[in-house]
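Once you have looked at the hints, place chain B on chain A.
Going down the list, the sequences are from chains A and B.
Just so it is clear: in the first sequence, position 46 is 46 by our numbering, and no numbers are missing.
Adding 1000 to a residue's 1-based position in the second sequence gives its number in our numbering.
Incorrect hints may have been included.
Said to hold, decoys possible - Stretches of chain B that chain A covers, calculated by requiring three or more beta carbons in the stretch to come under 8 Å of a beta carbon on chain A:
(1) 1017 to 1026
(2) 1137 to 1146
Claimed, not checked - Derived contacts from chain B toward chain A, CB cut-off under 10 Å, selection only:
(3) L1075
(4) P1078
(5) D1080
(6) E1098
(7) A1134
(8) R1225
(9) Q1239
No wet-lab data here; the hints were simulated from the structure.
Even glycine gets a Cβ: it sits at the ideal position worked out from N, Cα and C.
Protein chains: 2
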Amino acid sequence: MVQAKVRLFVDHPLAQGQTVPLDKDQSNYLFAVMRLKEGAFVALFNGVDGEFQAEVTTANKRGGALLCHGQSKPLQLPPDLWLIFAPIKKARTDFIVEKAAEMGAAKILPVNTDYTNSDRIRQDRLQAHALEAAEQCGGTYVPEVTDLQKLDRLLADWDESRQIMFCDESLVGAAQTLKLASGATSGDKWAILIGPEGGFSPAERARLQALPYAHAVSLGPRILRADTAAVAAMTVWQQHLGDWS
Amino acid sequence: MVQAKVRLFVDHPLAQGQTVPLDKDQSNYLFAVMRLKEGAFVALFNGVDGEFQAEVTTANKRGGALLCHGQSKPLQLPPDLWLIFAPIKKARTDFIVEKAAEMGAAKILPVNTDYTNSDRIRQDRLQAHALEAAEQCGGTYVPEVTDLQKLDRLLADWDESRQIMFCDESLVGAAQTLKLASGATSGDKWAILIGPEGGFSPAERARLQALPYAHAVSLGPRILRADTAAVAAMTVWQQHLGDWS
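Isolated chain A (complex conformation) (with noise of 0.2 Å):
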């Protein structure tokens, strides 16, 4: 079978056999920007069924088809990780949503803190950098990037049974090693929570050090931007707990 050099994300049912209709967007990008042709293969996922390889069975701009052949990839959920950040400049933004994507969050979530700039993203922005970025990294799963939601309100209403790794930029530059909870295991529910430039408020960092399942730890000693921060974290994370190991 010929290995597609595209990846499509189709939110259909994908089987052997199947039929995948295009919409407009997509059947622009196949045909007109990438200019591929009956025939061709692409490999598309939906998030549920793996990956397939598909042929193109009508290469029209405006709806085209392809037909499933084989699988390629089974689907391979990410840990349950979630990231919870506190939007920055818009680029930078932009750039943790993908991120997170890449390094295998299972769903991102913009949060409102004392220290916030913003108060208002476009989701539907942040959802579409989280899927492209799910085509261009091989995987098969897209997380999920919720609405703006307070951080106090998202502790609020938090289920215990997930822990909370948080980066205290008060803990720069101090001795502390990056430790996780101790008995921590892999398949454990986690998120790493990410605060603002400028860090949490004195009564936002209270808060979080008073919870049971929190957990500061000190990400070296020179202060990382957000979006540094976030893959920093992750990384930590997918090495001892997550599927890097």
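This is chain B only, laid out in the frame that chain A set:
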């Protein structure tokens, strides 16, 4: 002493009682953009003498001056870690340099590889990004950004006592764990090599694999973009061998 909100790199000796003249750009930044007045404090570092708290003595937008009070941080050199990467699109190249400085690279080396898309960089712009990142992250050191060179050439002149950790896309999805050279200890000289989008060519991979001081690692089951891979690889290294532990 008032704690300064602004950090500034200056190419000038620093010591208690030292007067530091500012050039036009620095003066414009402090007195027009940040609107500092005489008597305000600025944290200065020069990559050699550590960080000093300095007081504005002449708030002239075209050429002001500061007076150094006490040292607020000693010089903290990063570990002897180089980051070698193949330049990609402009914004992402800027991000890699910024991230490398935040994550504590001692030297940043852009290289041309067989599959590199760009064959020139603006070394001065990248150096300015590294400097700004050092100002932001609270570091007292600015990593040098070298000019673009061929990977072939860099490897031909390589100091064999410097280990190379290279991130091999062909290992993605393999069960291979992230392990660094056995017997490696803090204080060893290292370089992390990140390939371009599209990875290393077969010839490059073969050459790297044959080097006794080069070690391939996998960064999890998804394919990471070069900028994500740079942060993730440096996190792994800093935790095991660098200044995070």
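We went through each hint and held it up to the structure:
With a cut-off of 8 Å between beta carbons, the stretch 1017 to 1026 of chain B has 0 residues touching chain A; three or more are needed, and the interface restraint is violated. For a cut-off of 8 Å, the count of residues in the stretch 1137 to 1146 of chain B with a CB near a CB of chain A stands at 3, and the three-residue condition holds. Contact between L1075(B) and chain A, as hinted, is not supported at the beta carbon level, the nearest pair being about 13 Å apart and thus beyond 10 Å. For the restraint placing P1078(B) at the interface with chain A, the shortest Cβ-Cβ distance is roughly 9 Å, inside the 10 Å limit, so the hint holds.
The interface hint given for D1080(B) is violated, since its Cβ lies 16 Å from the closest Cβ of chain A, which is over the 10 Å cut-off. With a cut of 10 Å, the hint placing E1098(B) at the interface with chain A holds, because the nearest CB-to-CB distance is about 8 Å. Using the Cβ-Cβ criterion of 10 Å, the hint placing A1134(B) at the interface with chain A is satisfied: the shortest such distance is roughly 9 Å. Given the 10 Å rule on beta carbons, the hint for R1225(B) holds: about 6 Å separates it from the nearest Cβ of chain A.
Interface hint status for Q1239(B): upheld, as the beta-carbon distance to the closest one in chain A is roughly 6 Å, under 10 Å.
Of the hints listed earlier, those the structure fails to meet are numbers 1, 3 and 5, in rising order.
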